[in-house]
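There are 4 protein chains.
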Amino acid sequence: MSRTLTARGERTRQRLIDAAEVVFGRQGFLETKITDITAEAGSANGSFYNYFDSKEDIFSVVISRVNERMREQLDDRLGPGATPRERIEHATGQYVRAYRTNAQMVALLEQVSSVTPEFKAARIETRRRYTARNERSIRRWQEAGLMDASLPPRYAAEALASMVSNFCYMWFTMEADFEEDLAIHTLSRMWANSLGLEGFDDEPGGGVPSGSSSAGLG
Amino acid sequence: MSRTLTARGERTRQRLIDAAEVVFGRQGFLETKITDITAEAGSANGSFYNYFDSKEDIFSVVISRVNERMREQLDDRLGPGATPRERIEHATGQYVRAYRTNAQMVALLEQVSSVTPEFKAARIETRRRYTARNERSIRRWQEAGLMDASLPPRYAAEALASMVSNFCYMWFTMEADFEEDLAIHTLSRMWANSLGLEGFDDEPGGGVPSGSSSAGLG
Amino acid sequence: MSRTLTARGERTRQRLIDAAEVVFGRQGFLETKITDITAEAGSANGSFYNYFDSKEDIFSVVISRVNERMREQLDDRLGPGATPRERIEHATGQYVRAYRTNAQMVALLEQVSSVTPEFKAARIETRRRYTARNERSIRRWQEAGLMDASLPPRYAAEALASMVSNFCYMWFTMEADFEEDLAIHTLSRMWANSLGLEGFDDEPGGGVPSGSSSAGLG
Amino acid sequence: MSRTLTARGERTRQRLIDAAEVVFGRQGFLETKITDITAEAGSANGSFYNYFDSKEDIFSVVISRVNERMREQLDDRLGPGATPRERIEHATGQYVRAYRTNAQMVALLEQVSSVTPEFKAARIETRRRYTARNERSIRRWQEAGLMDASLPPRYAAEALASMVSNFCYMWFTMEADFEEDLAIHTLSRMWANSLGLEGFDDEPGGGVPSGSSSAGLG
DNA sequence: AATGAATGAGCTTTCATTCAT
DNA sequence: AATGAATGAAAGCTCATTCAT
Numbered sequence: 001m002s003r004t005l006t007a008r009g010e011r012t013r014q015r016l017i018d019a020a021e022v023v024f025g026r027q028g029f030l031e032t033k034i035t036d037i038t039a040e041a042g043s044a045n046g047s048f049y050n051y052f053d054s055k056e057d058i059f060s061v062v063i064s065r066v067n068e069r070m071r072e073q074l075d076d077r078l079g080p081g082a083t084p085r086e087r088i089e090h091a092t093g094q095y096v097r098a099y100r101t102n103a104q105m106v107a108l109l110e111q112v113s114s115v116t117p118e119f120k121a122a123r124i125e126t127r128r129r130y131t132a133r134n135e136r137s138i139r140r141w142q143e144a145g146l147m148d149a150s151l152p153p154r155y156a157a158e159a160l161a162s163m164v165s166n167f168c169y170m171w172f173t174m175e176a177d178f179e180e181d182l183a184i185h186t187l188s189r190m191w192a193n194s195l196g197l198e199g200f201d202d203e204p205g206g207g208v209p210s211g212s213s214s215a216g217l218g
Numbered sequence: 001m002s003r004t005l006t007a008r009g010e011r012t013r014q015r016l017i018d019a020a021e022v023v024f025g026r027q028g029f030l031e032t033k034i035t036d037i038t039a040e041a042g043s044a045n046g047s048f049y050n051y052f053d054s055k056e057d058i059f060s061v062v063i064s065r066v067n068e069r070m071r072e073q074l075d076d077r078l079g080p081g082a083t084p085r086e087r088i089e090h091a092t093g094q095y096v097r098a099y100r101t102n103a104q105m106v107a108l109l110e111q112v113s114s115v116t117p118e119f120k121a122a123r124i125e126t127r128r129r130y131t132a133r134n135e136r137s138i139r140r141w142q143e144a145g146l147m148d149a150s151l152p153p154r155y156a157a158e159a160l161a162s163m164v165s166n167f168c169y170m171w172f173t174m175e176a177d178f179e180e181d182l183a184i185h186t187l188s189r190m191w192a193n194s195l196g197l198e199g200f201d202d203e204p205g206g207g208v209p210s211g212s213s214s215a216g217l218g
Numbered sequence: 001m002s003r004t005l006t007a008r009g010e011r012t013r014q015r016l017i018d019a020a021e022v023v024f025g026r027q028g029f030l031e032t033k034i035t036d037i038t039a040e041a042g043s044a045n046g047s048f049y050n051y052f053d054s055k056e057d058i059f060s061v062v063i064s065r066v067n068e069r070m071r072e073q074l075d076d077r078l079g080p081g082a083t084p085r086e087r088i089e090h091a092t093g094q095y096v097r098a099y100r101t102n103a104q105m106v107a108l109l110e111q112v113s114s115v116t117p118e119f120k121a122a123r124i125e126t127r128r129r130y131t132a133r134n135e136r137s138i139r140r141w142q143e144a145g146l147m148d149a150s151l152p153p154r155y156a157a158e159a160l161a162s163m164v165s166n167f168c169y170m171w172f173t174m175e176a177d178f179e180e181d182l183a184i185h186t187l188s189r190m191w192a193n194s195l196g197l198e199g200f201d202d203e204p205g206g207g208v209p210s211g212s213s214s215a216g217l218g
Numbered sequence: 001m002s003r004t005l006t007a008r009g010e011r012t013r014q015r016l017i018d019a020a021e022v023v024f025g026r027q028g029f030l031e032t033k034i035t036d037i038t039a040e041a042g043s044a045n046g047s048f049y050n051y052f053d054s055k056e057d058i059f060s061v062v063i064s065r066v067n068e069r070m071r072e073q074l075d076d077r078l079g080p081g082a083t084p085r086e087r088i089e090h091a092t093g094q095y096v097r098a099y100r101t102n103a104q105m106v107a108l109l110e111q112v113s114s115v116t117p118e119f120k121a122a123r124i125e126t127r128r129r130y131t132a133r134n135e136r137s138i139r140r141w142q143e144a145g146l147m148d149a150s151l152p153p154r155y156a157a158e159a160l161a162s163m164v165s166n167f168c169y170m171w172f173t174m175e176a177d178f179e180e181d182l183a184i185h186t187l188s189r190m191w192a193n194s195l196g197l198e199g200f201d202d203e204p205g206g207g208v209p210s211g212s213s214s215a216g217l218g
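Taken in order, these protein sequences are the chains called F, W, S and D. First residue of the first sequence: 1, per the UniProt record's numbering; consecutive thereafter. First residue of the second sequence: 1, per the UniProt record's numbering; consecutive thereafter. First residue of the third sequence: 1, per the UniProt record's numbering; consecutive thereafter. First residue of the fourth sequence: 1, per the UniProt record's numbering; consecutive thereafter.
Mixed in with the good hints there might be a few duds.
The list cannot tell twin chains apart, which means a pair is met if one copy fits it or any two copies do.
[Claimed, not checked] Taking lysine-lysine and the DSSO-like style, the derived pairs with C-alpha atoms no more than 30 Å apart in a straight line are: (1) 33 to 120; (2) 55 to 33; (3) 55 to 120.
None of these hints come from the bench; they were simulated from the model.
Turn these sequences into a full structure, and let the hints steer you where they fit.
Structural data, given as C-alpha cells:
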C-alpha cells in the first residue's frame with residue numbers, strides 16, 4: 001500500500017480519506033462499511049483496495065491526521081512572563097477547544113482502542129507522551145518548592161490528564177451541557193488547587209502545565 | 001420477553017445471563033456471538049430466543065446486574081464522626097476497588113455506549129445520578145463555608161468524577177501501573193486540594209464526596 | 001465440523017455430498033461454486049457451512065467416498081488355481097471397469113492434487129499403497145524364478161501402474177476411443193511380457209499382480 | 001491481437017511471455033494473476049492487454065514455445081546401424097531428460113487441460129501426434145516379423161506412451177525418487193519386453209520407438 | 001421448554017478488464 | 001506504446017434469527 005502514486009491517484013486517495021473521516025464520524029467505526037466510504041467518496045467499491053488494505057488501515061490514517069491537527073492546535077505557548085495560573089488557564093483553553101473540534105474522532109479512537117489491541121497500544125503511547133510532559137512540569141515545580149511535595153508526580157499527572165480529558169469527553173461526546181469560559185476557568189482553578197499551587201499565583205515564570213493538556217488523547 | 005417463567009425456565013434464563021457475562025468479559029461485545037453464549041451456558045442455539053430478543057437485550061440485563069453489584073460495593077459510608085478527608089479517602093478507596101472488580105464490564109459498557117444510542121443514554125443517566133451526589137455535597141460544603149465558594153458545583157463534580165474514573169480506566173483497562181494505597185491517597189488528596197478543603201481537614205461531619213463518585217461508570 | 005447430527009442433519013449432509021459429487025463431476029473443482037452445490041442440493045447457501053468448512057473440505061469427503069467405492073470394486077480376487085496370466089487379465093479388467101465408473105472423479109483428484117499440496121500428498125500416498133502391492137508381487141515372482149530378475153521391483157511396479165492408469169486416463173478422460181475387451185487383453189499381455197513372464201504362463205498359483213492395478217488413483 | 005508490432009512492441013511482448021513462463025511455473029495457472037506477469041516483466045498492468053486478450057491467450061503462447069523446445073530436444077535420432085534396443089534406450093533417455101527439463105510446464109498443461117476444453121483438445125492432439133509415431137514403428141516391426149503380431153498397434157502405442165510419460169510424471173512432478181540410469185534402463189527393457197522384441201535385440205536397423213515417445217505431453 | 005437445522009441478508013475482498021492520459 | 005487508475009461482477013463466509021419438531 002505504499003507504491004508511489006500519480007497526482008490523480010493521490011487525489012483519489014485523499015478523497016477516500018476525507019470521506020472516511022466523515023463516515024467514521026457519522027456512523028462510528030463498526031457501523032462504517034467500506035461501501036459507505038467509497039459511496040461518500042464517489043468512487044467504485046473496488047477502488048478502495050487500490051489504496052488501503054482494510055478499514056483498520058484507513059482508520060489509522062484518519063487518526064494520524066487528526067492527531068497531527070490536534071498537535072498543531074495545542075502548540076501555542078505563553079511567553080516567559082506569564083504566571084503559572086495564566087499558563088494553566090491558557091493550556092486548558094487550548095485543550096478544550098482542540099478537543100471540541102475533534103471530539104468525534106477522539107471518541108472514535110477511544111471506542112476502537114478498547115477493542116483492537118493494535119490501536120490500544122497506540123492510544124496508550126499517545127497518552128503516555130502527554131502525561132510525561134505534565135509529570136516533568138510537576139517535578140520541576142516540586143524541586144522549585146512551588147507546590148505540594150508529597151504528591152507523586154506520575155500519579156498526579158495521570159489524575160490531571162484524566163480530569164480534563166474525561167470532562168471534555170462527557171461534555172462533547174456525551175453531550176453534557178457546560179459553558180465554555182466557566183468550564184475552562186473551573187478546570188484550571190481545580191488543577192492549580194489540586195497541586196497546591198495556591199499562594200504562588202503571582203510568581204511569574206513557573207513551569208508550564210502546558211501540553212499538560214495532553215493532546216487529543218490525554 | 002417478560003412472560004412469566006416456570007422454575008426451569010427461570011433457571012435457564014439465569015444460566016444464559018451468567019454465561020453472557022463470562023463471554024462478554026472474555027470477548028467483548030462485538031466478538032460475542034449468540035452461539036458463544038449458548039455454548040457457554042450449555043444450551044442450544046435456539047433456546048436463547050426463548051428468553052431474549054437480541055444480544056443488546058441480554059447485554060442490558062448483564063449491565064444492570066453489574067451496576068447493581070457496584071452500587072452495593074459503594075454503599076458503605078463512614079459514621080458521623082469522620083472528617084471530610086477521611087470520608088474522601090474512604091469513598092475513593094471504595095470506588096477504586098469496585099472499579100477494579102468490575103473493570104472488564106465497565107470498559108465494556110463504555111465501549112458499547114459510544115456505539116449504541118440506547119446504551120449511551122443509559123450510561124449518561126447513571127453518570128448523572130452519581131455526579132449529582134457529588135454536586136450536592138459540594139453545595140453543602142460551600143454553604144457551610146468549608147470550601148472554595150467560587151467553584152460551580154456541577155462543573156466541579158463532573159471534574160472530580162472524571163479525575164477518578166478516568167484514572168481507574170487508565171489503570172485497570174489500559175493497564176497503567178499504579179500502587180493501590182498510593183493511588184488512593186494521591187487521588188484523595190488532590191480531590192480535597194482542588195476544592196480548597198485545606199485547613200478544614202479536621203472539621204468532622206462534612207459532607208461526603210462519597211461513593212458519590214459515580215458508580216460503575218463515573 | 002464433527003458435532004453429532006440428528007437424523008435430519010445427517011440427511012441434509014448426505015444431500016450436500018451427493019450434490020457435490022454431481023457438480024464437481026460436471027464442472028470440475030475450480031468451476032464449482034458453493035452456491036452450485038447448495039442449489040443442486042436444494043438448500044440455502046448458508047446451510048453448507050453447517051456441515052462443511054470449505055469446498056476443500058467437502059471435496060475430500062467426496063473423494064474418500066469414491067476411493068471407498070473403487071476399493072470395493074477392486075476387491076474380487078481369483079482363487080488359487082488361476083495362472084498368472086489369468087490373474088493379470090482379471091485384475092486389469094477390474095481396474096479398467098472401476099476406472100471407467102469413476103473416471104470423472106479420478107480425473108478430478110488428479111487435477112486438484114497438482115494444485116493443492118494437501119491433496120497432492122494424499123494422492124501420492126494412495127498411489128504408493130497400490131504400487132507397493134505390485135512391487136511385492138514382482139519380488140515374489142523374482143524369488144520364485146518366474147520372471148526377469150534384472151528389473152528393479154519398485155521401478156517396474158511404478159512403470160506398470162503408469163501404463164495402466166494413464167491408458168485409462170487417456171481413454172476415459174481424454175476420450176480416446178478403445179474397445180474394452182481388446183484394451184484389457186492388450187494391457188494384460190504387455191504387462192506380462194514386460195516382466196518376462198512368458199513361458200511361465202501355465203504355471204498355476206503364481207503371485208497375483210492383483211490390486212496391483214492401483215485402485216482409483218494408480 | 002496480431003496486428004504488426006514495432007520493434008519496441010515486439011520486445012515488450014517477448015518480455016511478457018518470458019515473465020509469464022516464469023510466473024506460471026512458479027505459481028501455477030490459477031494462482032497466476034495478470035499483475036504478477038506484468039510485475040515480473042517490469043511493465044504496467046494495462047500493458048498486458050496491448051498484446052494479449054487474456055490469461056488463456058498468453059498461456060497458449062507459452063505452451064507452444066515449450067512444445068517447440070521439447071520437440072527439438074527429442075529430435076536427435078541414432079544412425080541406421082543401431083539395434084532396436086539401442087534405439088529404444090536412446091529415445092527413452094531423451095524423453096526422460098526433456099521431461100525433467102520442462103516438468104513444471106508439462107504438469108501445468110496437464111492441470112489446465114483437464115479444466116479448459118480448449119486446452120484439452122490441444123493436449124489430445126499433441127499426444128495423438130506422438131503416439132502415431134509409435135504406432136507406425138510398431139506396425140513396421142510387425143510387418144517385418146520382429147515382434148508380437150497379436151498386439152494392436154494403436155493400443156500398444158498408447159500403453160507405452162502411458163508407461164513412460166506417467167512414470168516421469170510421478171518422478172518429476174509427484175516427486176517419487178528414482179535414479180536416472182536405472183530408470184531409463186528399466187523402462188527401455190520393459191518397453192522392448194512388452195512388445196516381445198526379445199531375441200531380436202541384435203538385429204540392426206529396426207524401426208525407432210524414438211522421440212516418438214510423445215513430446216511434452218505423452 | 002428445548003432443540004438444532006435452515007435461512008439469507010450482508011459484508012469483504014479479489015482481479016480481469018476497460019479507460020483516460 | 002505505455003501507463004496506472006477505475007471499475008464492478010463475483011464469490012466466500014458469518015451469524016442473527018426463524019422454524020419445525
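Hints and how they fare:
no.: 1; hint: 33 to 120; verdict: both (21 Å within a copy, 22 Å between copies)
no.: 2; hint: 55 to 33; verdict: both (8 Å within a copy, 21 Å between copies)
no.: 3; hint: 55 to 120; verdict: both (16 Å within a copy, 24 Å between copies)
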